[in-house]
Every structure is written in structure tokens, then in C-alpha cells.
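J.: Below, each chain spelled out in residue letters.
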Amino acid sequence: DVKVTQSSRYLVKRTGEKVFLECVQDMDHENMFWYRQDPGLGLRLIYFSYDVKMKEKGDIPEGYSVSREKKERFSLILESASTNQTSMYLCASSPLQGPEAFFGQGTRLTVV
Amino acid sequence: AQSVTQPDIHITVSEGASLELRCNYSYGATPYLFWYVQSPGQGLQLLLKYFSGDTLVQGIKGFEAEFKRSQSSFNLRKPSVHWSDAAEYFCAVGADSNYQLIWGAGTKLIIKP
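Protein chains in written order, with the numbering used here: chain A, -8 to 103; chain B, 4 to 116.
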């Protein structure tokens, strides 16, 4: 069974901490995505990557960075967490020919 | 620019009743169209997709959707809902780049016993 796995389901961090959210896919997909989901706002794209070491900003990249050192792994980094980054974070991947996306189970991050 | 509209934020349906969730899109060419479902606290699961061919597509869990080019719509239907269908449903359109999906805001389905 194909899988996208996010390292944590729930995470609580303090304001100002550096936070790493990890995502691994086993489908050999070229494209990987990080979304943020908030009530009433749907899914908003933070960053995506179409190849190792390549990244593109999405709609709301401010306060975030990403890393893709290996094809199967895509990390989201909050350089200095703030309370307004409390949210559900969803990782997804899709094949090169796209665009059908496969999602992880989500990480609910609370910044206190 | 591409966009997706789901006009209903919430829909309440009695168990056993039929369901239709609306989705309208704005796109210059024949789109790739998707419906995903999200149960509470979970990630998104693909229900069905349309790429080409027959405009009525069947999905998992008894759902179907019909692509209507003239109306720029891709509405999701189910003839008889079950309490386990309570979830949030997202419509999405494949973007030009083929990298991304453009998402609707979602419709939360509430099932009345």
C-alpha cells in the first residue's frame, strides 16, 4: 500500500522554537508539497518541490522554509515558531506527470 | 487564473437521504478534476477523479461525480448517505503546471440520524 508518512500526529512547541516537520513517501514521486489547513480557509500551499534540492514558494511561504535532500523526504521548517502558526499541516506527493496527490495523515501543531 | 468554488460551507443531510455537493471551477482548458474526503483529524483521501472520457465517474464508498463542461461543474453525488460519510469534502482542479492542485474551501457534511 502506497504511503505518505508524517513524523508526528500531534506536536506542541513553544514560541520562538525551531520546529521540524518531516514527511516521507514510498512511491518514488518527484513532487512533494506542504499545505497548511485552517478552518474556513481550506488548504493553502506553503512550499512544493519537484525534484531533490529544488523548491518553489507556494501561497504562504512567510515564516517557513523547506529542505529536500533525498527524493523520498521533504521537511518543513518553522525557523521561529509563533502562535499564528498553530494549525494542521499536511504533506502530499504526486508523480512527475501529476497532479493526483497522495496525502499523509497530517500533523496538528500547537504553538504556545 | 484557475479557481475552484464550493458554495456550501456546511450541508446537513438525513441518514439514508441522497447527497449532492457542488463544485464549480474556472479553467481555460479541459481540467483534471478531483474530489477528496477528510475525516476528522485525518489526512485527505481521494474519492474519485476525472481526466477524460466518460463524464460520469465512479469512486470509492459509493460516490460518483459528473463533469459538465457547459456549466464548469463537477458535482459529487451519493444516492444514500451513511453516518460514516460525515466528513469534509474538497474539490480540486489540476493546474497548468501539473505540479499543483487548486483547492476549493471544502464542504462539511453533517449527517442527521
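None of these hints come from the bench; they were simulated from the model. A couple of the hints might just be wrong.
Simulated crosslink set (PhoX-like; lysine-lysine; CA at most 25 Å straight-line) [what the hints assert, rightly or not]:
| id | chain 1 | residue 1 | chain 2 | residue 2 |
| --- | --- | --- | --- | --- |
| 1 | A | -6 | B | 71 |
| 2 | B | 71 | B | 52 |
| 3 | B | 115 | B | 71 |
| 4 | A | -6 | B | 115 |
| 5 | B | 111 | B | 64 |
| 6 | A | 48 | A | 9 |
J.: Next, verify each hint and record whether it holds.
T.: Hints, verified against the model:
1. A:-6 with B:71: With a Cα-Cα distance of about 32 Å, the restraint between residue -6 of chain A and residue 71 of chain B is violated, given a limit of 25 Å.
2. B:71 with B:52: holds, 14 Å
3. B:115 with B:71: violated, 30 Å
4. A:-6 with B:115: Between residue -6 of chain A and residue 115 of chain B the Cα gap is close to 33 Å, so the pair fails against 25 Å, i.e. violated.
5. B:111 with B:64: Between residue 111 of chain B and residue 64 of chain B the Cα gap is close to 17 Å, so the pair holds against 25 Å.
6. A:48 with A:9: The hint holds at about 20 Å.
In this structure, the earlier hints numbered 1, 3 and 4 are contradicted, and the remaining ones agree with it.
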